[in-house]
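Two chains, two frames, some hints: make the complex.
Sequence lines, in order, name chains A and B. The opening position of the first sequence corresponds to residue 9 in our numbering, with each subsequent residue numbered one higher. The opening position of the second sequence corresponds to residue 3 in our numbering, with each subsequent residue numbered one higher.
No lab work stands behind these hints: they were computed from the structure. Do not take every clue at face value.
[Stated by the list, open to error] Distance ranges between label pairs, derived from CB positions: (1) 13/A to 14/B: 51 to 59 Å; (2) 60/B to 114/A: 27 to 35 Å; (3) 19/A to 9/B: 46 to 54 Å.
[To be verified] Residues of chain B placed beyond 10 Å of chain A at every Cβ, according to the derived structure: (4) 4; (5) 25; (6) 43; (7) 48; (8) 56.
Note that beta-carbon positions come from the ideal geometry of N, C-alpha and C, so glycine has one too.
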Amino acid sequence: MAITAKEFEAVTVNNLGPAVWAKLNRATVAVAGLGGLGSRVAPALARSGLGKLIIVDFDIVEASNLNRQDYFADQLGLSKVAAMRENLARINPGLELEAHNLKLIPETICSLFASADVIVECFDKPDQKQMIAETVLARMSPKPIVSASGLAGYGRSNNITTRRRSGRHIVVGDLVSASGPGTGLYAGRVGIAALHQANAVIELLIDEMK
Amino acid sequence: MSVQLKINGELKTFESEMPGTLAALLEQLGVDAATVVAEVEGVIIERAKFGSTVLRSGQNIELIRFVGGG
Numbered sequence: 009m010a011i012t013a014k015e016f017e018a019v020t021v022n023n024l025g026p027a028v029w030a031k032l033n034r035a036t037v038a039v040a041g042l043g044g045l046g047s048r049v050a051p052a053l054a055r056s057g058l059g060k061l062i063i064v065d066f067d068i069v070e071a072s073n074l075n076r077q078d079y080f081a082d083q084l085g086l087s088k089v090a091a092m093r094e095n096l097a098r099i100n101p102g103l104e105l106e107a108h109n110l111k112l113i114p115e116t117i118c119s120l121f122a123s124a125d126v127i128v129e130c131f132d133k134p135d136q137k138q139m140i141a142e143t144v145l146a147r148m149s150p151k152p153i154v155s156a157s158g159l160a161g162y163g164r165s166n167n168i169t170t171r172r173r174s175g176r177h178i179v180v181g182d183l184v185s186a187s188g189p190g191t192g193l194y195a196g197r198v199g200i201a202a203l204h205q206a207n208a209v210i211e212l213l214i215d216e217m218k
Numbered sequence: 003m004s005v006q007l008k009i010n011g012e013l014k015t016f017e018s019e020m021p022g023t024l025a026a027l028l029e030q031l032g033v034d035a036a037t038v039v040a041e042v043e044g045v046i047i048e049r050a051k052f053g054s055t056v057l058r059s060g061q062n063i064e065l066i067r068f069v070g071g072g
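So here's chain B without its partners, still in its complex pose (with noise of 0.2 Å):
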């Protein structure tokens, strides 16, 4: 069964590794977790709770990514 999610307003479809939390898929996204504040439906979900934050297809899912410099 293939999963579904709304990506900062683009939707992505996982077919076979589709990411069971949060931080599986930054991982699978090739992002470093420690650079990333995340919005799931609206809600912003700490950086510590991304490994325990389930994922549902159809889920709205917001990233903002940081890069250095300042």
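So here's chain A without its partners, still in its complex pose (with noise of 0.2 Å):
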């Protein structure tokens, strides 16, 4: 048995109060890859009661993903925006979603997120990571960004942390353990840091946006 989008909706507004859920109903949030960060971020906004998400990414689900990234045995070989579209729809059927299967780059940030009240960069790479938060600052006044740096590894989870480095840059992390040879990447402490993200993008929704 399933719920419908009303359905959804009357437990949420029960859930937040009535002017929590419009302010978070009439949103608009841009996921930016849908690895261990994003496929952890989107579905928690979608719970959440978001109203519109914008996902993208360029890659399709595979093995190695399963141990951290928020897909499905059954899921391999989907592109992630494809089986993100189907997890997100599980859980929240009214939330309204906008994919796009495709690597990003200054342009498209700037057109493709144009109408989004929060940015949350969920990127692996440090020079994506890099670049994204610098086309957001530097050309999307005054659009915040939630960034992620410093992630990999297990234990130490007091040390993930949400700092505001600037009035519309919120950054989630230690800052310093990267991934690489002898460090990987655990459901653990990447969700963490996911579920920063997410809690600063509700926080940022609720308390400073009109």
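As structure tokens, then:
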């Protein structure tokens, strides 16, 4: 048995109260990258009653992703955006979703995310993290961005923090734990960082959006 | 003449090899510019302009260096 979009909405209004629900319901959030971070951020926002998500990734679901990314064994070979579209529809049937299967560059960040209230950086590679942060901060004022840096390995849960670097830039992570040979990415620590990001987005939307 | 810069809130003094530009500063710090978002006096400097951004003593510089993993 499944619930309808209307029923999901009714339960969410009841959970959040109408004023908070209205803020989240009229918000749009862009999730750039659907790996260990983005595949956890997007569902958390969908569950929270967000109105619209814009998701972007250029990758497919592979067996090596399943240790930490929020996909399922029967989704191997699907594009991450297609797999995430299925998962999000199963969580919140009322969520409005825009999905793009492509590799983001500064020009597409500016065009595809123009309508987003908040942008969440969920990339893997440090130069790509730099690229989107620079693009949003330099070219998309006053839009905020929530970045992540330093989340590899295990343990040290409490070293993952949410720092506000400037009015528009929030950075999650311990800032130093890079992934690489001998330092893997684990569901626990990446997931902690991802949910810090989701929590920061929700705080921005509830406390700072008009 | 020595140069003082405030980098991420910490005062740093350069004696002989003072970095003339933001790019030179990052090189001196041993940081890969491709992973850095930089602000000078609260203004975002795009990476393409690191080499032409001249630093002056007393400036406030914020550097965020991204590491891999996601």
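Q. Hint by hint, which ones does this structure get wrong, listed from lowest number up?
A. 7
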